[in-house]
Structures are given as structure tokens and as C-alpha cells.
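Engineer: Residue strings, one per chain:
Protein chains: 2
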Amino acid sequence: MNHKAFATANAILFALALSCGAAAAQTAAPTEDFKPSSLNQPGQQYPQVNSQGYARFRIEAPKAQNVSVSLGLGGSGGTALTKAADGAWMGTTAGPLDEGFHYYHLSVDGGTFNDPGAQNFYGSIRWESGIEIPAHDQDFYALKDVPHGRVQQILFASPSTKMPRRAFVYTPPGYDQNQKTRYPVLYLQHGWGEDETAWSTQGHANLIMDNLIAEGKAKPFIIVMTYGMTNDVKFGKLFSFDIKPFQTVLVNELIPYVDANFRTLADQPHRAMAGLSMGGMETKTITTANLDTFSRIALLSGGTFSLEDVTPDFKAKVKLVFVSFGSRELKDGKVGFPGGPRMDPKANDEALKKAGINSVFYVSPNTAHEFLSWRRSLHELAPVLFKD
Amino acid sequence: MNHKAFATANAILFALALSCGAAAAQTAAPTEDFKPSSLNQPGQQYPQVNSQGYARFRIEAPKAQNVSVSLGLGGSGGTALTKAADGAWMGTTAGPLDEGFHYYHLSVDGGTFNDPGAQNFYGSIRWESGIEIPAHDQDFYALKDVPHGRVQQILFASPSTKMPRRAFVYTPPGYDQNQKTRYPVLYLQHGWGEDETAWSTQGHANLIMDNLIAEGKAKPFIIVMTYGMTNDVKFGKLFSFDIKPFQTVLVNELIPYVDANFRTLADQPHRAMAGLSMGGMETKTITTANLDTFSRIALLSGGTFSLEDVTPDFKAKVKLVFVSFGSRELKDGKVGFPGGPRMDPKANDEALKKAGINSVFYVSPNTAHEFLSWRRSLHELAPVLFKD
Chain D
150 MNHKAFATAN AILFALALSC GAAAAQTAAP TEDFKPSSLN QPGQQYPQVN
200 SQGYARFRIE APKAQNVSVS LGLGGSGGTA LTKAADGAWM GTTAGPLDEG
250 FHYYHLSVDG GTFNDPGAQN FYGSIRWESG IEIPAHDQDF YALKDVPHGR
300 VQQILFASPS TKMPRRAFVY TPPGYDQNQK TRYPVLYLQH GWGEDETAWS
350 TQGHANLIMD NLIAEGKAKP FIIVMTYGMT NDVKFGKLFS FDIKPFQTVL
400 VNELIPYVDA NFRTLADQPH RAMAGLSMGG METKTITTAN LDTFSRIALL
450 SGGTFSLEDV TPDFKAKVKL VFVSFGSREL KDGKVGFPGG PRMDPKANDE
500 ALKKAGINSV FYVSPNTAHE FLSWRRSLHE LAPVLFKD
Chain P
150 MNHKAFATAN AILFALALSC GAAAAQTAAP TEDFKPSSLN QPGQQYPQVN
200 SQGYARFRIE APKAQNVSVS LGLGGSGGTA LTKAADGAWM GTTAGPLDEG
250 FHYYHLSVDG GTFNDPGAQN FYGSIRWESG IEIPAHDQDF YALKDVPHGR
300 VQQILFASPS TKMPRRAFVY TPPGYDQNQK TRYPVLYLQH GWGEDETAWS
350 TQGHANLIMD NLIAEGKAKP FIIVMTYGMT NDVKFGKLFS FDIKPFQTVL
400 VNELIPYVDA NFRTLADQPH RAMAGLSMGG METKTITTAN LDTFSRIALL
450 SGGTFSLEDV TPDFKAKVKL VFVSFGSREL KDGKVGFPGG PRMDPKANDE
500 ALKKAGINSV FYVSPNTAHE FLSWRRSLHE LAPVLFKD
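For the record, the sequence lines run as chains D and P.
Everything in the first sequence is counted per my numbering, starting at 150 for the first residue and increasing by one.
Everything in the second sequence is counted per my numbering, starting at 150 for the first residue and increasing by one.
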């Protein structure tokens, strides 16, 4: 791994370290207007969320000795549950959580289990429970009565890994009607611990696009989501990650399959790559090594571009650089690993602009290294992605 | 509910009562060649399965008082786990399980949780753990290096339920290349407690079709899978199920959407419906009430057709009747609710044939009311479905 990728990996680790998912603790009693989370399994009353963003849990395990909830990657949003009169374990977070989606799990007598009330989402190299704190701007990813695109599962041949591999492909509304239209393509990567299901479930990428297209705010494009092979590396050992196997799958196998099987604009000006967190690191590494393949690059909580990235080849071929973070990932406007180099993504953005690069920088307000940052980032990215 | 549907519901209840998922108990020690189940979460070593079909579980919950495994709807495949030297709870089933897929869950100190080692599948109105006992004939639903169709998520407008609804659509290999080809359509329903994800995950409907088509054994057709709205009814109260809301969604909303958005052969001779268990009851009720819409009908562990179903209209319009069961659902060749009427599906099949109906009857060897019966049933159905 070269020093630039190293710096990116550092930034990701730092960002992860910040990701507790819980806002500052609060001592006032929560408002008693709790309702079932929108991500509950059918008919389940718990977990619940109130209008302030507190979460309340109820777990039936009458003979257990202790039950607690771990929220977020860092586990710092832990909530110990206590036995209620009916024998169920109950508890409410100490304060409101950030708006948006959070992974969590239970600890029951020392074992790690999911909340039987909540749906599961793949994160942290396991299926985790998920809870959704309604965001004030949730309308942009809501399921509405507008024309809907489709999310398709494809199985493509991968000689390099000796197995058929899975990807999900979003085709925009009208794709099947407009048989002569060809579309640009975004290759969109998940983060460490996640997989190819992330962007179209917890990410709502399809609904974000459907809504933007219905409002005339984004031109239709295809999105391809596959597994970034990120999870063979143990957390904390990102530096040993070898990009080559995934680069081969993506560039030599998946892109040709997609161009052969979908009505794509199959050239560099109409091909983009974006990724969140470790998927951003993959995106930066793969796109800069394949500038004849990709023209548009987006890193969502996954590092930045700086002037040292702007080679003559880069300047000639890259049509857009998009960098975003959740506001809680930045400290004094900077992001970096404690003790390591600190990057200033806003300063980098300004320097890139001055160097003639089409650079866009976005900060998601009051969110951390979590999916609301990335939903919002996609919502900001899509309108400008294939604009120029 | 009329008496015919009642008899069908009875049959389903009876079938469910038989579904323990565990074959006869065995006292000899299992062969020590256990391997991780193919349905485990990435990197997880447990649960494991041996070459005889025994399952072994390992759950970390060091402070728990008791941990057990419930296998199958009836829970009769229960396995109590005991604490091993390393503090983990371990246990092996008393005997081999039937080949194929089984739902299960854990009981941990009186609470119901999923096995953190296994992937989850929607059954019993909740996401359950799943385990796969390799079947001797598993090749027919294996992921192979053949041309693959796609499974697409669609969101279709449903004025009757005032919300966009989800379905999955399987389009066969070549669908996007052969722009002038139109295809017959099978509407394929899950059972009680399941949803529209069942057939393309635990059912492997897409892989079954891909393999049959690659071998030239089935002509390509489209499969549409949506939620049958079966799960609002409490288990054991199937008689109060009202088919009309789902019939409206299927016939008045989904079928027009599919015919408008996919290259279908949009007429009665090229439209089929099939369902498993309670989905079979839905299939029988909806198809017989809509004989101008459907020509081919399949009930998988979901009742039978008898001579009293053969009205002149039925005889004129129905091109195929397919009925199947797992062998363990039949007793002396019959299926029925204890104390209620017993049906003889083989005798019914023969009577239908004599009455001039194109009837097919299939029994899956050594399986119960579980998904291997239904994978095999689809594998038998697909080659003959649109043949005549």
C-alpha cells in the first residue's frame, strides 16, 4: 500500500473510532411518545423510538442474568436493560441518538445475539440488528408514489475467483420502456464489514434515485453494487488489504458483463465509481490506477484527494471528484488518525478547484460514520455526477 | 370460506402438524465429519452438519442458565445444549435431519433468539435461523457456471392497499438479449409465515430455472413472487383468512403492472399460478375464481383438486393441474386434518386424468412440509408447466 492509500486508511480508522452513533448523553426524562421503529420485523412493538431520538428496547429472556444493547461500531452507545415487572428486560438510551440508521446487537448473559424484534442488516461481518431514528429530511429517501426503478440481482462469471459472483443493479424508471436509451453507470461500494446488499437496503440508493429522477433533479443512470471483498481483512489491519483481487473482479469481469448485458454508455466519460469508508479507499485506489476506465470519483467518509493526487493524467481524465464526511467525523474541520497525519478535506477541495479540478465537497450535518451521512452524500452526488 | 377451501386449509394444518424437520431419532454416535453449514454467516464455523445429516450447534453465552435449539415449525426437533469446557453451549441433534432446508431458532434463558452463526430467513412471521442438510440431489439447485437469469425487485402501485408494494421477478437468461421474445409468466406464492423473499432465497427458484434451461429441460418463463398477505392471520385461524384483498392486489394491480413492464405473453394460456402450503390455498381459490386469467395451477403441499372442482368452465379453460406433497406429509397415501376429512391426492389425480384433465401428481421422497419438497416440486413443475 502506498502512502496515499495509507493516509486514506488512517482517515477511515479515525472516522470509525468516532462512530458511536449516540449523541451527547442527556439527563432529562425522554418524552413518552415512543413508537415502533420503522425497521422492526412485522408486528413487533419493540424497539421503539421517540420524537427526540431516544431508543427503547424490550427483550424477553425471563431467566437471563443480564441483557444489554450495544449501539454502533464502537459499542459506546451501550444501554443496560433492567427486568420489568412482567419479566421482560427493558431500557432506554441515556440520550437521543443521531438521526438515521444504526446497527446494534444485544449481549445476553455474555453471548452476542440480535434483537428478535428488529430486522437484520449486514454490517461488521455479521447480520446485525438495525434501528432507524427518523431524520428531519427523511423525505428524500422515502418510498413514494413515483415511478420506481428496479434493483436486480445478477450472477456474473468470475474466472479470477473461480465462482459466479453476485451484484445488484439499479436500473432507473423507464429503463425497459426506452429501449434505445443508453445510460451512464455508477459502481457503488459498501464499507468494511458490509456487503453488496448495503446500499439498496440500509442505503435506500434506489429510492434516493427514484425520488431525484421524479423531481427532475438527477438524470437517470445505472448503479452497480457488488461485494468489495473487504471483509477478509481483520478490522484494524486494513493496511494489509490487497486491492488486486477486487480490482480484477471489478474492472476485468463485472464491468464487461454489465456493458454486455445492460444498455450502458460503455466508455470512460460515462463511468463513475464511489464508495463509503473502506469502499472509498477501494474507489480511490482503483480509479486512479484505471483512469481510462473511470472519469468520476466519489469518496464518502473514505479519505480525500489532495494536490499530490493531481498528476497530468489525472487532470486530463477526471471529470469530477466528490468528497464527503459526516460532520461528527471532522474535528476542527480535519480528519485523521490520532497521532497520524491530519487531512483538511475542505482545504483540499479548494486547492483542487484552484488546480482546475471539478471538485465537490459535502458535509452531512450532525451525523457520524453512519448511513445517513452516506444516503445524504448520494443525494448530493447524483445530481452532479454526470453533469459535465 | 367454502367447504373446498376449508378442506384445503385442513390439509395444510395437518401437513404443518407433521413438520418436525427431524427424521427418526437414532442412538448410534454420529460420524465425526462435521462441516460448517452452507448457510452460515461468513466465516462462522457453527452450526455444522455431518455426512449423515446430524446438526451440531455451538452458542457462546457463558453466563446463560440454559440454551436449546428448536428445529422446525413444531419444535419437536428440539436439542438441549450443554456447557462445554470452553464455556460455550454445544449439542448435536439426536438423529439425522431430513435433507434440505430447515428453519430453527434458539431459546436462551427463556428468550427466543437466532443463532448468530447462521443466516436468517423469513418464516413463521419472523426472521429465523436456517440450516441446510446437503441433499443427495442438490445439484439441481446448485449455483453453476451456466447462463443466469436475474431476480429483480419491483415496486408496483397498489391503490387498493394505498401503498407501493414489492415483488421479485425472475427473468430467464437471454431476456435482455432477445428483445423480441415474449415469455409466459408463473405467479409463485410462499407459505404462511413467509414472504416474497422465500422462493428466491431458501427456495432457489432462480437457480432451479437457470439449470433446467441450461440443460434444455424447461422453456424459459418469467416468475413473479409477491407477498401473499397471509400473515395477518394467526396460525391456527386460517379459516378466517379473507382472500379478497390479496386477489385484488394480484389480479387487478400486479398482473397489469407485469404485463405492462415485462415482455410477457399477456393472455390466459400463458399465465400460471402456483403456491406452497397456504400459498397453495390462495392459488386454488384465486385461479378457480379467475379462469379467464390463469390456465395452469399448481398446489405444492397446499391441498388437492378433486372431481368436484371440475366444472365445465374449469374443464374448458384449465390446461394443467399440478399437485405435490413431501412423502412425510402423507399417511397411507392420504393427507388430512386429524378427525377431519382425508384426501387421497393420488386417487384425485387419477380421477382428474380420467375426466380429461391434464393432471400431474408428484411426491418428494423422504421430505416433510419443508423447502426441499418445494424446490423439487418446482423442478418437476417447470418442464411441464407451459408444455401443452
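Worth flagging that the hints you see were computed from the coordinates, not collected in a lab.
Bear in mind the structure is a predicted one, so any value in this text is a computation, not a measurement.
Each hint should be verified, as a subset may be incorrect.
For identical chains, the list gives no copy identity; a pair is met inside one copy or between any two copies.
Claimed, not checked - In silico lysine-lysine, DSBU-like type, Cα no more than 30 Å apart, as pairs:
{"id": "1", "residue 1": "LYS468", "residue 2": "LYS366"}
{"id": "2", "residue 1": "LYS311", "residue 2": "LYS495"}
{"id": "3", "residue 1": "LYS483", "residue 2": "LYS293"}
{"id": "4", "residue 1": "LYS468", "residue 2": "LYS311"}
{"id": "5", "residue 1": "LYS466", "residue 2": "LYS366"}
{"id": "6", "residue 1": "LYS464", "residue 2": "LYS232"}
Engineer: Take the hints in turn and mark each one as holding or not.
Structural biologist: Structure-based check of all given hints:
1. LYS468 to LYS366: Cα proximity of LYS468 and LYS366: one copy only (19 Å, versus 49 Å across).
2. LYS311 to LYS495: neither (43 Å within a copy, 45 Å between copies)
3. LYS483 to LYS293: Classified as neither: same-chain Cα gap 37 Å, cross-chain 48 Å, threshold 30 Å.
4. LYS468 to LYS311: neither (35 Å within a copy, 43 Å between copies)
5. LYS466 to LYS366: Within. Shortest intra-copy distance 25 Å satisfies the 30 Å Cα cut-off; inter-copy 49 Å does not.
6. LYS464 to LYS232: neither (62 Å within a copy, 63 Å between copies)
Of the numbered hints stated above, those contradicted by the structure are hints 2, 3, 4, 6, listed in ascending order.
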